[in-house]
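J.: Sequence:
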Amino acid sequence: MKRIVIILTIIVLNLGSAIAQFDALDDIANALRSGDAKSVSRYFGNTVDLTIIAQEEVYSKVQAEQVLRDFFSKNQPRSFTIIHKGESKEGARYAIGSLITNQGLNYRTYFYIKQQGNNAIIQELRFMKE
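Each residue of the sequence shown is one higher than the one before, counting from 127 in the working numbering.
Since the hints were made in silico from the structure, they are not lab data. Where hints are given, some of them may not hold.
Estimated spans, in silico, between C-beta atoms of each pair [as the list claims (entries may be wrong)]:
(1) Q242 / E183: 18 to 24 Å
(2) S186 / N228: 15 to 21 Å
(3) D152 / Q242: 16 to 22 Å
(4) T173 / G230: 20 to 26 Å
(5) G243 / S205: 28 to 34 Å
(6) G243 / A180: 30 to 36 Å
No residue lacks a Cβ here, since even glycine has one placed at the ideal position from N, Cα and C.
I would like the entire structure built from these sequences, with the hints used as guidance.
T.: This is how it looks when you write it as structure tokens:
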């Protein structure tokens, strides 16, 4: 009986972690939809690989937030829709979406998150013109 309780506890904890990661995907999507760089940056680790069109850099958390804030000030989001969500073999979660700006520009958007302890951390965030 004790063994069953331990196994069920492990299953519930793992399931909770997976649900939290997918909730993080939705939370990040909502922040992108509203152009809220501060809310997106809550999911940045110490560094993040950020690509905006052809400019790819590894930024510190603070730098990445500033670059993202600048991007949103020039490209105010009108909508953001997640097209696909998934998980890699290594356990990283990802989402692919479409960001449409008030100027009518469309950006294919990718973000990858990895679980670090109890936190979902954005490893990579990309905005590519379509």
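J.: Against each hint, give a clear statement of whether it holds in the structure.
T.: Hint check results:
At about 21 Å, the beta-carbon gap between Q242 and E183 stays in the expected band of 18 to 24 Å. At about 29 Å, the beta-carbon gap between S186 and N228 misses the expected band of 15 to 21 Å. Our hint of 16 to 22 Å for D152 and Q242 holds, since their Cβ atoms are close to 19 Å apart. At about 33 Å, the beta-carbon gap between T173 and G230 misses the expected band of 20 to 26 Å.
At roughly 33 Å, the beta carbons of G243 and S205 sit within the given window of 28 to 34 Å. Between G243 and A180 the C-beta distance comes to about 34 Å, which sits within the given range of 30 to 36 Å.
Comparing the model with each numbered hint stated earlier shows that hints 2, 4 do not hold.
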